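Colleague: Required output: the full structure, derived from the provided sequences and hints.
There are 2 protein chains.
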Amino acid sequence: MINTFWQISAILVSVLALGVAFWLYTWIKAQPSSNETVQHVGDLIRKGANTFLRREYVLLARFAGVIAILILIFLPSPIWSGNWTKNLTMAFAYICGTALSALAGKIGIQVATIANVKSAEAAKKDIKLSFMAGFRGGAVMGMAVVGFCLLGVTVLLSFTKDSSAILGFSFGASSLALFAKAGGGIFTKTADISADLVGKVELGIPEDDPRNPAVIADNVGDNVGDVAGMGADLFDSNVASMAAALIVGMALAKDNANIVLAYAGIGLLASIIGVFCARMGSSKDPTTALNKNTYITTGVYLLLTALATFMFGFEWRIWGATMVGLLVGLIIGIATDYFTNDKKKPVQLTAEASKSGPALTILSGFAYGFFSVLPALIGIAISSLAAYKICEPLGGNYPLFGISMAAVGMLSIVAMIISNDAYGPIVDNARGLVEMGNLGEEALNITDELDSAGNTVKAMTKGFAIGAAGLTVIALLGTFMNEVNVAAAIAGKEIISGFDIMNPVVFFGLMIGIPIPAVFSAMLILGVDRNAQRMVKEIRRQFKEIPGLREGKAGVVPDYSKCIDIATTGALRELIPAGLMAIITTILVGFIGGVQAIGGFLTGNIVSGLLLALFMSNAGGLWDNGKKFVEAGHCGGKGSDAHKAAVVGDTVGDPFKDTAGPSINTQITVVSLVSSLLAVAFLSYSLF
Amino acid sequence: MINTFWQISAILVSVLALGVAFWLYTWIKAQPSSNETVQHVGDLIRKGANTFLRREYVLLARFAGVIAILILIFLPSPIWSGNWTKNLTMAFAYICGTALSALAGKIGIQVATIANVKSAEAAKKDIKLSFMAGFRGGAVMGMAVVGFCLLGVTVLLSFTKDSSAILGFSFGASSLALFAKAGGGIFTKTADISADLVGKVELGIPEDDPRNPAVIADNVGDNVGDVAGMGADLFDSNVASMAAALIVGMALAKDNANIVLAYAGIGLLASIIGVFCARMGSSKDPTTALNKNTYITTGVYLLLTALATFMFGFEWRIWGATMVGLLVGLIIGIATDYFTNDKKKPVQLTAEASKSGPALTILSGFAYGFFSVLPALIGIAISSLAAYKICEPLGGNYPLFGISMAAVGMLSIVAMIISNDAYGPIVDNARGLVEMGNLGEEALNITDELDSAGNTVKAMTKGFAIGAAGLTVIALLGTFMNEVNVAAAIAGKEIISGFDIMNPVVFFGLMIGIPIPAVFSAMLILGVDRNAQRMVKEIRRQFKEIPGLREGKAGVVPDYSKCIDIATTGALRELIPAGLMAIITTILVGFIGGVQAIGGFLTGNIVSGLLLALFMSNAGGLWDNGKKFVEAGHCGGKGSDAHKAAVVGDTVGDPFKDTAGPSINTQITVVSLVSSLLAVAFLSYSLF
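First to last, the protein sequences are chains A and B.
With the first letter of the first sequence counted as 1, position 485 gets the number 537 in the working numbering; the numbers rise by one all the way through.
With the first letter of the second sequence counted as 1, position 211 gets the number 263 in the working numbering; the numbers rise by one all the way through.
Please note that the accuracy of each hint is not assured.
Treat identical chains as interchangeable: a pair holds within one or across any two.
[Stated by the list, open to error] Pairs of lysine to aspartate or glutamate, EDC-like flavour, derived with a Cα cap of 20 Å:
(1) Lys-407 <-> Glu-590
(2) Lys-696 <-> Glu-254
(3) Lys-252 <-> Asp-693
(4) Lys-407 <-> Glu-254
I should point out that these hints are in silico values taken from the structure, not numbers from a laboratory.
All values derive from a computational prediction rather than experimental measurement.
Modeller: Written out as structure tokens, the structure reads:
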């Protein structure tokens, strides 16, 4: 039985998190802001972000509407086959998934675009206060994402008592993530690249110069890509890990839901405690402060889950598997940091290589990016094997449940991860606002320091997120098998025990699965490219046609909204074919080769997806920090040939790390969920 | 029973091929060469190539000696367990594999470094004769490689009657290929990059300028990388495909060896016919001539195998599977051509993107490189499934035999593929010689045209080679399972029927297998980088310390051999760690997770290896031709900003397409063979 205590506790913790988010919001709102320029530009950014969100959500609503109707008619089984309430539940769960994730994104953006102004203003006086505004702004996103996520899962589970409904919820979250992450990623890089190409390269005006029509779009991009997009991505991973654990666990025994809800709830509670402990201590080092939050949360989580396990008689082996996930997540994060931190060799050697021109910058970053996939994949390999072995004595499918719980463990402190991560774009925005509002040299130094801390911490949280996604998709493979077997039992077909690589149908699927993440990435990268070209044209047009703009005549402002419009329309237009390609291929493979081919397909997808996601994220981060390292005065410093080469590396890395790399996670999850949802259909109708 | 008729026929065809090689050699030798400069430079190139080969072979002999002793002691089972003759046979077969492949490489280089001089000389008068010198020079390599390969396999099989001995032979060929392909790849790109960096970029002297101390090393590199390296690579793939087919086939019935030998022999015969048909017709288009050779060979092969199947009562289904392989190989070749041909959109759009700077060149090439993996992988997926399904009615392991035969089919016309491929570096060299010997404008135009045809055809042959390697490694996975089961039967252990992805040990292996090709590539790329830095220093030193060199004073020559020396030493030094990393990881995974983990490991390796090999080869080819497209006067032409950007793309692509990409094939084969050879050990001693 699912214990009511844990359901109520989980709901209470979620509500508490939402309450904390509201309290943080009022705190931020209450911070002073007096500078008019800053406020005005802040308003423009907020409005721009809202424009994008509105357009995105309208498109999403149409898309989700169609999918919801399809679910209503066909899933989990065709509506004419009887059980229509199940279809209704799943369609409803799907809509909840998209809506709650969208709501979290909306709240996060709303607060982030206030917090940036407050952080900028506070930087005039005090680094500590400026830090707090940035961090607490990010924490609203963390609280909202995980609060809505846990609330949705628990409420749905309580009402339906059916873990499959969670699949619908998870698919909803994935749909939104696809739009938010890939769409936001295209938006932000469109604006970034074209602002630089015309502004810095052609006209030689500085970054964040208010004359540049794309400058507001660039700032908006930070918010829609790095705040809303990243939040949706982790909402998606978090729900998927819970869905996998619930489906695999509840198939073994209904009361396994208790431990999932308990550990997830404790994770959120630990993050709330971590958020309230966060402040810059006497050390005055923002990086230390951010890392300290993570360690506190981890420690609290470790203690509280042990306590709960002891008090409520949970299985210690499951606890062990969960902790393995958490610890390996930390290790992956630290290892990722090595490859992207400018105090370490890879970044410094890449910067050094830049002295011999851009080709060697690219080759060097490429090589270290390739190296960087090693620790994460070894981490995933060891954690899945360890979780399995720890839970093996429990028998049955418990080892697989152990792996799912390792994924839940890795994602347990995700609210804190999001808080640290969303801090980055907020202080980045604040830095821009300080510059545009002329708040003085000291404020600029302060926001520079805060910004740099954001970049350092980001690498670690990103490693965490990808590692967790890796474990989650394995759990989703188990979920798929589970769904197939439930259907097979009903249809009187043979139960499958796995996917044998030597089975030619599995192998067929494997081969087709490999190129999908590559093609998906290519479509997004070319999407950014095409979109940037459209925007470059518009920027050039404005500089040509608006009199006095180029000279910076007082009172002459560019048409910011036109650029935001182009980035928005283009991003959404470019994103659809990539998403459809992945979904349609899945459906084709399923109807050609059946469930075995899908097993291979998902494996190929996971393998090449993990490889490319890790490579692109890390190489991108490395090039970015390589450029910053040169700009800090090394290898010739700003303006040198090495700097020019490092800028090329950074530009190549931009869509890698902010568009394609992180979107691959979502692509894999979407494909996995589509497979699970259509398991019955693939089982019943296939060519081979 | 293995039929003596087919053994004798195969041996006769091999000897015929070697005879043809000798005849072609005398033909080439008999062509006139009068220009002294050309002859002198040609001598330098030949000597340089021989220096590299000698050093490489000495190192290889040591390495192979150690491995041979290890095989003698431990494989197929420890020598103290009784059957020492088997160990002796395998060690002997191993040495034969390295020696015959090395011999083929030596012959190929010897002739290629004569043919380049003759082709250059002939270009003064006649494009047809110049073409013939280039093509026939390449054909010697083709005949020698496949002749020795078939001869070795047939003789070994006839004497031992044991297909496992072929594994030893195949591993020998792989060891040589690792040295020749990866070592040659590092050599050629070291010379290429550093010659360009100091010569073209720093001093502004033209390419192939005799004052540049690295210019001879650069020409040597074409021979050791693209002639000897490529030959060793295809020797390796060809033997591996035959070994897999023989092992899987003979485990079913001894007389399956007949069909393997028959089809392989016919393939070589068809190639001989193709070589003799080769000439530039009235069309005067070298590309057409080269492609025509391929089509003629394919047609002859199709007809003759059908005839043999009919006359000797071979199974038609096996014939069908073989033809599927051949046809899919052609299709992959054509699809690959699309992504690297400068008459097609991807290259042209990448050149277009270069107008906005090097970052967009890189991003665009990256995206199309990602797209380009799709057709090849779909081709492999379909051909393996089709071969399997065609042979399914034969029962037992015949479907797997069918897949092995599809790989044999893809590689059947490999002698022609090598001839076409080795033609490229020969006429490339000829072009350099024409320039250095001042043979006139018309000769330059002729060799330019011949060179460009080489590039176009190369893409197709490369697609072929990678596709074949893909199918071969699947067959090798089957071989591994076969070896495990032979050992399991003897040891009284359970027979395995496959590798289940849901088995955590398989999954563990899968995750560890993914990063290996990436790390291997990274090590080679950084190896090129480090080596190039050493060489750049030496070139700068010579220009500084040799009086009159920079000014081009008559009689002053740089110390070419010093540069060749650096490239040689560095290449061999950088290659060893990469090779050992792959082999040691395999051994570790095997002893940790046993045969199931190795099954996963090989799968992960194949998946990420195919992805990266296809991507790097195609992206590299695309950037290369993008640069040539710009140089042909498009997008601003030579000297424009677009050209500078395109050069950056080309430099990044160089180690992709000539070092890392093609070496991955060999890395996968080596790892697969090590696994098969150690199957018994992994079965007996492992942690899990």
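Colleague: All hints are to be evaluated individually against the structure, with a verdict given for each.
Modeller: Do the hints match the structure? See the list:
Taking CA atoms no more than 20 Å apart as the test, Lys-407 paired with Glu-590 passes between copies only; the shortest distance there is 18 Å, against 34 Å inside one copy. Both within a single protomer and between protomers do Lys-696 and Glu-254 lie at most 20 Å apart by alpha-carbon distance, with minima of 14 Å and 17 Å respectively. Taking identical chains as interchangeable, the C-alpha atoms of Lys-252 and Asp-693 lie at most 20 Å apart whether they share a chain (16 Å) or sit on different chains (17 Å). In this assembly of identical chains, the alpha carbons of Lys-407 and Glu-254 lie at most 20 Å apart only when taken from different copies (13 Å versus 23 Å within one copy).
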